[in-house]
Amino acid sequence: MDAAEQQLAELAKAGYEAGFVSNIESETVPPGLDESVIRYISARKNEPEFMLEWRLEAYQKWLAMEEPDWAHLKYTKIDYQSISYFSAPKSAADAPKSLDEVDPELLRVYEKLGIPLEEQKMLAGVAVDAVFDSVSVATTFRKQLAEAGVIFCSISEAMREHPELIKKYLGTVVPQTDNFFAALNAAVFTDGTFVYIPENTRCPMELSTYFRINERNTGQFERTLIIADKGSYVSYLEGCTAPQRDENQLHAAVVELIALEDAYIKYSTVQNWYPGDENGKGGIYNFVTKRGVCAGDRSRISWTQVETGSSITWKYPSCVLKGDDSIGEFYSVAVTRGAQQADTGTKMFHIGKNTTSTIVSKGISADRGQNAYRGLVRMNKGAENGRNHTQCDSLLIGDKCGAHTFPYIEVANPTAKVEHEATTSKIGEDQLFYCRQRGLSEEDAVSMIVNGFCKEVFNELPMEFAVEARKLLAISLEGAVG
Amino acid sequence: MEHLLSIKDLHASINGKEILKGFSLDMKAGEVHAIMGPNGSGKSTLSKVLAGREEYEVTSGTVIYKGENLLEMSPEERAHQGIFMAFQYPVELPGVNNTYFMQASLNAIRKARGEPELNSLNFMKLVRTKLKALEMDENLLKRSVNTGFSGGEMKRNEILQMTLLEPTLSILDETDSGLDIDALKMVSKGVNSLRSPERSMLVITHYQRLLDYIQPDYVHVLSGGRIIRSGDKSLALELEEKGYGWLQQEAAA
Ligand SMILES: Nc1ncnc2c1ncn2[C@@H]1O[C@H](COP(=O)(O)OP(=O)(O)OP(=O)(O)O)[C@@H](O)[C@H]1O
Ligand SMILES: [Mg+2]
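Those protein sequences? They're chains A and B, same order as listed. FYI, in our numbering the residues of the first sequence are 1 to 482. FYI, in our numbering the residues of the second sequence are 1 to 253.
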């Protein structure tokens, strides 16, 4: 028995005494957070010692931090002691036995998205024992990736198999104490993805969480680390257009991207967590910290996101443009309807010379939805000839919703140029009537107008994702007018 | 022969203000009717009420189209039933590709009629032939619907849609305004190509010149929300000479 296993055994025993529930199918730590829980997680994951220390340090700092309240969001405070921080795998006992037990509304949406039956089951959390086709697909993919030298695995596996890379990069972009939610994530994260693209390698396929078969259940506290070595390229897809249910209300993920010289990372997200009922009840709180550093000269990081789900979204994918001539991009569509609230945007830190950033944000609000864009563009003293262009458009459907824009601009270099454009428009009755006069239903008209509004962002998505995102948007806005 | 469209004593208002005040008109299949009349007399109101714009409240009167109560149909149902309106002010749809829009429109209508939808390839073939007939710039297909189009381009784009959809009843609201002479000829050619014993047209215009190209069977003068005079093509010539004053005085007397 090695040290970790021994520790685990001890903890399990201690856990049992402390009330840990354990059976063959599931292991769930009772609600609450203290050092022993973190030790348990680290041991369960077979992590190297330095990881445990790193987690404990984060936890200590988190204890001293305050939950931020500056965002344009209203929600009942989260009780962190009421959350269970470890649960693996999901208990099959309370999972629906078949699709007959799943919310028919959810099934209707799956149907509309054209999702195959087996996959519907997986998304709805139906207990399945059959082997998916996708497993074999995933295996083929893994082989191809290995041939290219690409590492693509769960972050837990990476901690065991590639501790040197983890040690070198983890927390270098989003430090443990970056913010309240990032600190919590650092202390308790249980799942996530690790990607390493070797020098001068073009990743042979788009990487998607979808094909990461290990530890498939998306954790509540995910952590993703992507490193693109010199001259490499990778396109990473996160999320899924089908609405995903999760019993965990709070999601606090951290994503770190590192692009070395001449490397290019393209990170695309479609987020469609359960938004809750019309009053937002039961919806997911999504507090995410995403940041990339363009560490090398001429490197480039591009974030594209389509956010339609969650009851609350708090998310600012950012770029730190350190390398000279590096490029940061942020393309975003955020939809809020019902009681959904989103406070999202980006930060572009220009540090190196001739750095360029582009921000295109499209906010869509319907019903009582509240949508805030919050963006920071900072040109440091050394950011000679830094350039930023920000375009921030809001579309309102109905008159009970709201759009808010909070641009922050800080320029410390006189040669830098920052441009900001903002528009707010309403889906006009004139536009709808024009479309309907041409035979389109009101719903199709709304979806067409909204998709037109989002075009610049969808153009940035990989083809297949864009097609799905369009469908998703149409479904998300069903019945928003009239 | 039965009427394609029969409007009886139509009253319609917007924001509590009555605009149509007892408008009546009968149109048979195959006929072209021109409507002329001073600014603000209710011409565009009439076309929008016929196309189903919900902002306008119909307070009394009836509209029977193909034997059915038109006023009960949604705007899209009217389109499916073959009613097309070329807008006086076409609407911009930023980011919505013009070709895509027209294909979606044609297919929505075909689908509603139980006809097979056209795939992109066949649609492109079709739209290209129509485009050529109107001598339109092919680039307009790649742009967003009406976005940044010149006044004349917008009007031609409306007629392009009309020739694609081949409507039973076309309502052209000042399609000639803002067109240069060549464009006017082109548009008229497009409109005339659709003339047939099954199709009818309601052509709203301020200029009798258009009626040289699109020869109407009847000309009506709309003033104060109703028709104050009807005649044949010669009425348009008379109006051009004398204006509307004499008719309005007669109507008031
Ligand atoms: N939304 C509205 N609210 C109030 N009045 C309106 C509204 N829309 C139209 N009107 C009024 O209705 C009257 C008729 O307008 P309409 O557009 O039908 O005229 P028209 O005959 O088409 O004029 P033109 O020759 O200038 O195009 C005008 O007095 C106009 O100001
Ligand atoms: Mg008018």
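Rather than coming from a laboratory, the hints here were simulated on the basis of the structure. A couple of the hints might just be wrong.
What the hints assert, rightly or not - With a straight-line cut-off of 20 Å between C-alpha atoms, the simulated EDC-like cross-links for lysine to aspartate or glutamate are:
1) A:Lys-471 with A:Glu-442
2) B:Lys-111 with A:Glu-442
3) A:Lys-61 with A:Asp-100
4) A:Lys-426 with B:Glu-55
5) B:Lys-185 with B:Glu-198
6) B:Lys-111 with A:Glu-35
7) B:Lys-142 with A:Glu-460
A quick note: this is a predicted structure, and the numbers were derived from the prediction, not measured.
20 Å limit on alpha-carbon distance, applied to hinted pair Lys-142 (chain B) and Glu-460 (chain A) = holds (19 Å)
ask   = Does Lys-185 (chain B) pair with Glu-198 (chain B) here, judged by a C-alpha cut-off of 20 Å?
value = violated (23 Å)
Holds or violated: Lys-471 (chain A) to Glu-442 (chain A), with C-alpha atoms at most 20 Å apart = holds (16 Å)
key: Satisfaction of hint between Glu-442 (chain A) and Lys-111 (chain B), Cα-Cα up to 20 Å   = holds (16 Å)
request  = Verify the proposed pairing of Lys-111 (chain B) with Glu-35 (chain A), using a straight-line Cα cut of 20 Å.
outcome  = violated (63 Å)
query = Are the Cα positions of Lys-426 (chain A) and Glu-55 (chain B) separated by 20 Å at most?
reply = holds (17 Å)
message = Next pair to validate is Lys-61 (chain A) with Asp-100 (chain A); report whether the Cα-Cα distance is within 20 Å.
response = Violated, because 46 Å separates the two Cα atoms, which is more than 20 Å.
Violated hints for the displayed structure, listed by number in ascending order: 3, 5 and 6.
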